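K.L.:
Sequence:
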Amino acid sequence: MKLATINHQGKPVLAIRKGNATVLLAELYESAGLGSAPADMNSFIEGGEAELARARDALEKGQATPLDEASLDWLPPQPRPSKILGVAFNNMGIRKSAHRDPGVPNFFLKAPSCLTGHNKPIIMEDYYGETIPELELAAVIGKRCSKISVEAAKDAIFGFTIINDVTSHGMKFGMDSIATTREPDLLRPHHLAWRNRHGEDDRDVYFVYHTRSKATDTFGPMGPFITTADEVENPDALEVKGWFDGEPFAVDSTASYRFKVADVIAEASRFFTLEPGDVFCFGTSAKGVGEFPNGHRSVNMHKLAGTIDIEIEGLGRLSNPVVHNWKV
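Okay, so the sequence shown: first residue is 2 according to my numbering, each after it adds one.
Just so you know, these hints were derived from the structure itself, not from any lab. Model, not experiment: these values are computed from the prediction. Misleading hints may appear alongside valid ones.
[Stated by the list, open to error] Just the calculated beta-carbon pair ranges, DEER-fashion:
#, residue 1, residue 2, range
1, 104, 153, 20 to 30 Å
2, 210, 186, 17 to 27 Å
3, 234, 274, 37 to 47 Å
4, 127, 186, 42 to 52 Å
5, 122, 209, 48 to 58 Å
C-beta: ideal position from N, C-alpha, C; glycine also.
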């Protein structure tokens, strides 16, 4: 099934796909005689298999008025995760440029406040500098878990959605990074392990903190729907496509991921307790096409105002206009 969160009559409510229509979950539950629907996505997820069974029953027995999708006020389908975990350099086409592969996913955190919905603008400020879209598969966790196996990680997934992991390289290297020179007595082997070669600059260490560059407001478009895990046969082999103002700029597959979906979740659970509703984004699609030979890296939203569309096989299509919030 496909679930969404929308703003309806001034408050966030759950919606669901029934056939080719999107309807209010509460109306469907009431029609089917199933009582009150969950108030929000976290409540639905925490309801576990019992809530999924109720929703399936509602889809079978209930009726509801189709909503006009073009005029819906879409919110992120999971608006309030406790955390959003991203994986840097998980696309093998990008990772091959790494000096050294550490053999584990490179995690970063995005602030939940960066999330925005389908058709909502990605707001660019002049001081952001170069900013690019990243077309990513996202998973929503369905149960509390810690230090789980890869097999258990598969069972921990509630569903999948699309996320645009908007990234500002201008802020990353201009505001979120700092270079230092270590005193010899403070230099450690791990400061040097990544280097291809050694020289006079061995004591120079560069620190990058993905904060503004990944977590600024509107840097997390998500949706429109969460597709439950039972409807995604193999998340590690989904086609991913991107368009800028109707022109294709990326065609790739989640098969290009260095670390598979369940491997990423299991590894993260070694360090972080995962909560129901937590979101993972697994890495960008990188293969360019047409006028965009470098894929998403060819689309500098700081210079280009238009619409970014992302489509992932079986999950739908996420669309967001880029808006420049300054006078040109």
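K.L.:
The structure should be examined with respect to each hint, and the outcome stated for every one.
P.N.:
Status of each hint after checking the structure:
no. : hint                  : verdict
1   : 104 / 153: 20 to 30 Å : holds (21 Å)
2   : 210 / 186: 17 to 27 Å : holds (25 Å)
3   : 234 / 274: 37 to 47 Å : violated (29 Å)
4   : 127 / 186: 42 to 52 Å : holds (43 Å)
5   : 122 / 209: 48 to 58 Å : violated (27 Å)
In this structure, the hints that do not hold are numbers 3, 5, in rising order.
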